[in-house]
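Asker: What follows is the residue order along each chain.
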Amino acid sequence: MDQDEVFKALADPTRRRLLDLLCEENGQTLRRLCEDLDMTRQSVTQHLGLLEAANLVTTTKRGREKLHFINPVPLQDVYERWIRKFETQRLSLLHDLKIQLEKNES
Amino acid sequence: MTAERTSFVYVSYIASTPEKVFEAITRPEITRRYWGHENVSDWTPGARWQHVRDDDARSVDLVGKVVEVTPPNRLVITWTGASQEAEPDSYSRVTFEIEPDAYGVRLCVTHDDLIVGSQMEAGVSKGWPLVLSSLKSCLETGKGFDLSGRAKAA
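As given, the protein sequences belong to chains A and B, one line each in that order. By my numbering, the letter at position 4 of the first sequence is numbered 4, and the numbering carries on one by one without gaps. By my numbering, the letter at position 14 of the second sequence is numbered 14, and the numbering carries on one by one without gaps.
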């Protein structure tokens, strides 16, 4: 799965808003999501399609309804790939600093 | 009054085979490597399963029953905190669906019947993305994340 698609999907305020809406209440129908957005049903469908292609949203059928769920797994993958390594570096800098300071003290 | 229930659906695409993903969920020596816990059961319908923390205390954190087993494509289990084993209302249900995909494997984890506002809801909604990301990393690179809560060596 391509992380390009995740970043592209996130580079749009409407799609981030959709993720926020699903975060507040998971498993919503298209109709329900449209109530909170000032745009046509068609546009919302397109945005949801891009989010689904990036695997940030998954859908399941429950009876006659299609429900949308936020899928944070690709975000976790992005975190592991892009954020954790900077954190690790910062932590090791702090660690070096501590060693240095403690050495000076003794 | 019955409590309101909610569901989560998580999907991860993993460069692996359905057999390896199924094993990674059901074999304790593999779950330990990316989940910080061992999933222990004989994986027959009706059997009990336990989620045992991989530390010195080996505390049982979660328990449940095996509902359905169809290796390597499907596993359904019930799920509750070990201290709530005797409370039928506390149980939620987890379905693992493993399908071959152009990329390798599509793993879909559906967690149903979670009580809205419960500690379990909060815990699993934080936990699953981490566990699935760690599983993917473990199968693709051989290294999962350390989720055991063990103190790190300095």
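The hints are simulated quantities; they were obtained by calculation from the structure and are not laboratory data. Honestly, I wouldn't trust all of these hints.
Subject to a maximum C-alpha distance of 25 Å in a straight line, what follows is the list of computed SDA-like cross-link-like pairs (lysine to any residue) [stated by the list, open to error]: (1) A:Lys8 to A:Leu50; (2) A:Lys61 to B:Asp112; (3) B:Lys126 to B:Phe96; (4) A:Lys66 to B:Asp112.
Asker: Please go over all the hints and tell whether each is borne out by the structure.
Answerer: Hint by hint, here is what the structure shows:
| no. | hint | in the structure |
| --- | --- | --- |
| 1 | A:Lys8 to A:Leu50 | holds (9 Å) |
| 2 | A:Lys61 to B:Asp112 | holds (14 Å) |
| 3 | B:Lys126 to B:Phe96 | holds (18 Å) |
| 4 | A:Lys66 to B:Asp112 | holds (16 Å) |
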